Amino acid sequence: MTAPAPGLDDVRSRTFPFPRRHFISAGDLNRLEALELLDLADGFVALNRQKAKKLDLLKGRTLMNLFFENSTRTQSSFELAGKRLGADVVNMSPRSSSMSKGETLIDTAVTLNAMQPDLLVVRHASSGAASLLAQKVDCSVVNAGDGQHEHPTQALLDALSMRRAFGRIEDLTVAICGDVLHSRVARSNVILLQQLGADVRLVGPRTLMPSAVDRWGAEVFHDMREGIAGADVVMMLRLQLERMTGSLVPSTREYFRFFGLDREKLARAAPGVRVMHPGPMNRGVEIDSDVADDLAISLIQDQVEMGVAVRMAVLTALAARLDNA
Amino acid sequence: MPATPPTAFLNARLVDPESGYDGPGCLIVADGVVADVVHRPDYDGLPHDVEVIDCEGAMLAPGLVDLRVKTGEPGAEPKETLKSAARAAAAGGVTSIVVQPDTDPVVDEPSVVDFILRRARDIGLVRVYPAGAATKGLEGRKMAEIGLMREAGAVYVTDVDRPVVDSLVMRRVLSYARGFDTLVAHRPADPYLTAGAAANEGEFAARLGLPGAPAMAERIMLERDLALAELTGARLLVDQVSCIEGLESLRRAKDKGVKVWASASINHLTFNELDIGDYRTFYKLSPPLRTEDDRQALIEALAEGLIDVVVSAHAPEPAEEKRLPFDEAAPGAIGLETLLPALLTLAHEDRVGLVDLIRAVTLKPAQLLGLDAGRLSAGSPADLVLCDIGAPVVIDADRLTSKSKNSPFDGRRLQGRVILTMVGGRVVHRP
Chain P
1 MTAPAPGLDD
11 VRSRTFPFPR
21 RHFISAGDLN
31 RLEALELLDL
41 ADGFVALNRQ
51 KAKKLDLLKG
61 RTLMNLFFEN
71 STRTQSSFEL
81 AGKRLGADVV
91 NMSPRSSSMS
101 KGETLIDTAV
111 TLNAMQPDLL
121 VVRHASSGAA
131 SLLAQKVDCS
141 VVNAGDGQHE
151 HPTQALLDAL
161 SMRRAFGRIE
171 DLTVAICGDV
181 LHSRVARSNV
191 ILLQQLGADV
201 RLVGPRTLMP
211 SAVDRWGAEV
221 FHDMREGIAG
231 ADVVMMLRLQ
241 LERMTGSLVP
251 STREYFRFFG
261 LDREKLARAA
271 PGVRVMHPGP
281 MNRGVEIDSD
291 VADDLAISLI
301 QDQVEMGVAV
311 RMAVLTALAA
321 RLDNA
Chain Z
1 MPATPPTAFL
11 NARLVDPESG
21 YDGPGCLIVA
31 DGVVADVVHR
41 PDYDGLPHDV
51 EVIDCEGAML
61 APGLVDLRVK
71 TGEPGAEPKE
81 TLKSAARAAA
91 AGGVTSIVVQ
101 PDTDPVVDEP
111 SVVDFILRRA
121 RDIGLVRVYP
131 AGAATKGLEG
141 RKMAEIGLMR
151 EAGAVYVTDV
161 DRPVVDSLVM
171 RRVLSYARGF
181 DTLVAHRPAD
191 PYLTAGAAAN
201 EGEFAARLGL
211 PGAPAMAERI
221 MLERDLALAE
231 LTGARLLVDQ
241 VSCIEGLESL
251 RRAKDKGVKV
261 WASASINHLT
271 FNELDIGDYR
281 TFYKLSPPLR
291 TEDDRQALIE
301 ALAEGLIDVV
311 VSAHAPEPAE
321 EKRLPFDEAA
331 PGAIGLETLL
341 PALLTLAHED
351 RVGLVDLIRA
361 VTLKPAQLLG
371 LDAGRLSAGS
381 PADLVLCDIG
391 APVVIDADRL
401 TSKSKNSPFD
411 GRRLQGRVIL
421 TMVGGRVVHR
431 P
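Residue numbers (this note's numbering), protein chains in the order written: chain P, 1 to 325; chain Z, 1 to 431.
Okay, chain Z solo, but in the shape it has when bound (with noise of 0.2 Å):
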């Protein structure tokens, strides 16, 4: 990154995900690090040339480390490029995204890795990391070059929406990759309960004539997944965990020691099945909205850590994919620019603290990938949220950044308004 000129961050809220420090205080960067941070609303002996920014008790707090981002780049443009998606975090406060492997040709070797990389470092906004597929074509038959793509610079391994269904692969995917010591993301949904649907089988669906997967289909696919992860020691990340069932799966693992993670996605901790209504195909995801009582379970496995990480899960789609019947639609919602706001909810409604929630989606991410981000100490990079965390927002689809509109947030009424986001000492976002 360009040097910058220092900056000071004056009379800030400073919410600190390492220390739990939540209150005022005052942050220097320069270098594109944190140079220093008082806790105090002033501070003393400012350097000279220093830019000086007045956060007036908004939030100031590490960027955000958003683990599963699609993007259509390569092979999908038109649906959101790696630029696209890199303005669209800048302007959500999220400065590091980790895009999945899931696009054309797949990132299944170790050349795309560094496409994506090379991409991402003449954009030059945001952080951006690659995940790369566990098997070769996400088919789920052979295993990719997991140590290549880690070597190239892949954080993780996943086969994104696609569950690895033989079981001897995944046993050997998470064996290979614990000798790299490679995270493996992986779905948990059995391919044969949850063939054709569309929806959470339940009462609401069945009205609707959709068919459904059923909650059990995920815990079916975890408990293997655990068991696997067991026997070969690997380190698993539970991706999108989704309903009561799962939780109780992945308690009993983290009990007895099991090296596994979990992340929610925001959609399924703000909606459930009831917002589908009338067919609306913005909230026809992958996996589906659960009940309300799913919902306030994933809450409050978020609020006792339970749950580690919460994703954007941001999956853009065009109009043409989602102006559709229910079921020829494609499941997935953009999330990037609403993650924070929407996340902030939580804290409002005093469901989870503050800290903890920023914790979930900036030090827990980061220290799962072993990313240096998610703290505000001398020493780490500057990448940083400015957010005035009481603003009330109404968001409007149309004017989001992301290249495809496809938003479940869209009309919806959040509070928390991102004043400026900072990426290595540079300011990436300040509308």
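This is chain P alone, in the form it adopts within the complex (with noise of 0.2 Å):
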């Protein structure tokens, strides 16, 4: 092995505070968890940056990617982040294979479990699956995406990218944007960057707002102009393009005319503004290119680089929280 990167000489000594077993809600953990593992994946981000990236933190440890919805994005960021740290990666897609037919979700859990994995990532279209498959299993249990509800680790991969480039999170004012009512990158970074300080604003427009939006603690803007005037990080959220032909919004071109991201809109933020999307983008629809594109605003690929660093670190620390079982 070589000699491991800056912050993480530590890491083999120290126990992570993981408050639980399963990593399913940002709300999971409290503020001083969060800045934890954000100072955790800040030195895996160094450390993914040298030529020799592996450690051997997870060695004989099994991972298991169990992806009820396709992603590339998030299947390989947490393929890569396992392999890193040493650990044997499994992928599994029940959709594409006989696990699929007629099988429920419990049976898939009690089938994985017998195989004795230590930690499973799980994505699924359905709210609430994670925590239903955390009660049927004995290992660690990530959510990595359920339906409408949360995705964690998006948002502490947000809230590392954030905190690189401003170097605080406190006091930020963050617009997230777009179809709120459907994202639970949405709803994740709402609970984490307000329990880190952050000043939140929801954009979007009335018919992709959640019922009692009002009450999430957040400003609430259904102009665009309006909900991004000063703020220091525009994070635009995936619109489906099933959900922009009439159904919640009349069209496409409506739709990035009132609440795409341009030039001209982004001029309303605030002065070294930065813009965010947790990918994968829809150009010319709720992000123009040309804002994207520009490496100077645009944080999008840091996002990506954080998301292996963030998601070292959450597995880290549930692995050794598994170590002190």
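Worth flagging that the hints you see were computed from the coordinates, not collected in a lab.
Check each hint, because a few of them may be wrong.
[Said to hold, decoys possible] 27 Å max Cα-Cα, derived DSSO-like pairs, lysine-lysine:
1. P:136 x P:59
2. P:83 x P:54
3. P:83 x P:53
4. Z:403 x Z:83
5. P:136 x Z:403
6. Z:142 x Z:259
7. Z:83 x P:136
8. P:136 x Z:322
9. Z:322 x Z:83
[Said to hold, decoys possible] Distance ranges between label pairs, derived from CB positions:
10. Z:349 x P:220: 35 to 45 Å
11. Z:277 x P:113: 22 to 32 Å
12. P:30 x Z:391: 53 to 63 Å
13. P:90 x Z:274: 36 to 46 Å
These numbers come from a predicted model, not from an experiment.
Built from N, CA and C at the ideal position, the CB exists for glycine as well.
These two chains come separately, so use the hints to put the complex back together.
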């Protein structure tokens, strides 16, 4: 093994106070726990930029990626995170295997549980699926997105990207824009960013806002220009195509006109504003390529890089909890 | 029913919803009917060969009449059979059940009505009355054989959980049913506003990422139903009103003299949306559990009589239909065996008077359907429940009689233990 990257010297000797066996919601972490994970992830960022990227913190551990919904980005991010920590990684896509034929989520869980994985990373189209799975298995479950509920590692990687760009999260004004109604990314981000002291705004047409959204502790805007005025971070959400053709918004061109992010709207944000997007982007629908590809303002590539580091931190902390169990 | 020896219930607390009497008394049963009632704890001149039951002050009331019970027979017997439902009813002090027509085949013509009545006769535990479908195949398009089903023994018509969307079809169903003096029950829910919904629309469901049904969806459909009931002069039963919005509409229509009655399920009187907690599918119901404000309003509406009837909304679903992600899980909860103790909670908490509570599950539903039940006077059928209303019970879903165990009351502490259930003078449950 090579020398660990800066900040990782003491990883082996430390125990991480990960509160639960599973990581289902951004709300599972308190402020200190979240900051500790971000610090740990910072070290992994440095490691990942070295030629020799491998550690043995998860040596002997088995990580299973269980993706009922396809996501190349998130799945490969978890896969790399596991491999760089020395775990054996297995990818399962139940939709394309015999497992999908009439077998319920619980059956799948029981089957996989019998194979003795240590960490189960799950993505599913139904809200609450990760929580349901966690009740039925002996290993640690990481929620990699459950329906319209949460995507907590996305929130952590977003927070890490912001902290590295601004040096802090506290008192940053973050405008989360677009389809908040269907977004698990928005839900996890609102919870985590508020926990870390950011001033969160939600921006979008009323048809894409959850009911009682005014009770989320975030200021709500239905005019994009007002919503991003003075914002330090503009976080765009993905709008699925089937929701744009008359069902929730009239058309893609109308959506882009009022809620798409372009230079003109962005000019109202704070000087030094950074733009984020969880990907994959619908260019010309929610975000103009001109903005997305401008490396001086876009953090979108950073987010992908931070994704691997944050997931390494989460897996390390959960595995340390298993080691000490 | 076969002849049984006479029975004397002595030292009982009689609760008679017809007369409003709640006090000490004795009741003599002979030849399947109530032979005599006295309002004293002891009885002079007991007949010969009588079986004497010392009630020790326990409540003796008419057996419960449950207007909304699903079984799986015919078509889905692993969920529940007529026999297992009848046994669950007997265990819960329910002596008459109305089984819903959403079976396979659907009860939309007289031969299926007849099948259920014959099966029930063979089982012989509690009285089973079929409800017929309002429209063929519950599809909301063509009227079912309402008159022939009525003749065969169907006690009302309903499309159960599927609203009749087409207003013209609904008008004709109401209008036609009126000609046969047949009650039409309808679940008010706008199908477009509730499409895909898994919970009550609001802050809680939004945080869980669950698609929600707004309470207004109930009011929208209910207002239409009430307008059509007014137009046709038909008798309408609002099936499971669940929210303040629905109660407001109901009140206006009743004040206006529309021939409308309403039921509430015991679940909506007991739980609210927060009971879903961490995606617990036993609390996934249709209509969904609403807010605590809605629940409180339902209790008040029951106390003042705006809600006429309480139902168990017994809906057995096996584990494989419930142990799923919340949005995929089947809605519904079993309730026959827990209806009475859950209902008694409202009396123990002094929210609704005991006699009024019992009336909402006995006399009122019986009157609504024209059944001779729900009273404790000489000559009435001896359908009775003897219940120790103060006895603490902890509900254990695995030990309930139903074939399906999807009880939201699992683990709950209630008060009220059924000591004996009698149907037509015959003891059908006595643990």
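Against the structure, the hints:
| no. | hint | verdict |
| --- | --- | --- |
| 1 | P:136 x P:59 | 25 Å, holds |
| 2 | P:83 x P:54 | 8 Å, holds |
| 3 | P:83 x P:53 | 10 Å, holds |
| 4 | Z:403 x Z:83 | 10 Å, holds |
| 5 | P:136 x Z:403 | 23 Å, holds |
| 6 | Z:142 x Z:259 | 24 Å, holds |
| 7 | Z:83 x P:136 | 33 Å, violated |
| 8 | P:136 x Z:322 | 14 Å, holds |
| 9 | Z:322 x Z:83 | 23 Å, holds |
| 10 | Z:349 x P:220: 35 to 45 Å | 39 Å, holds |
| 11 | Z:277 x P:113: 22 to 32 Å | 23 Å, holds |
| 12 | P:30 x Z:391: 53 to 63 Å | 44 Å, violated |
| 13 | P:90 x Z:274: 36 to 46 Å | 38 Å, holds |
The structure is inconsistent with the numbered hints 7 and 12, although it conforms to all the rest.
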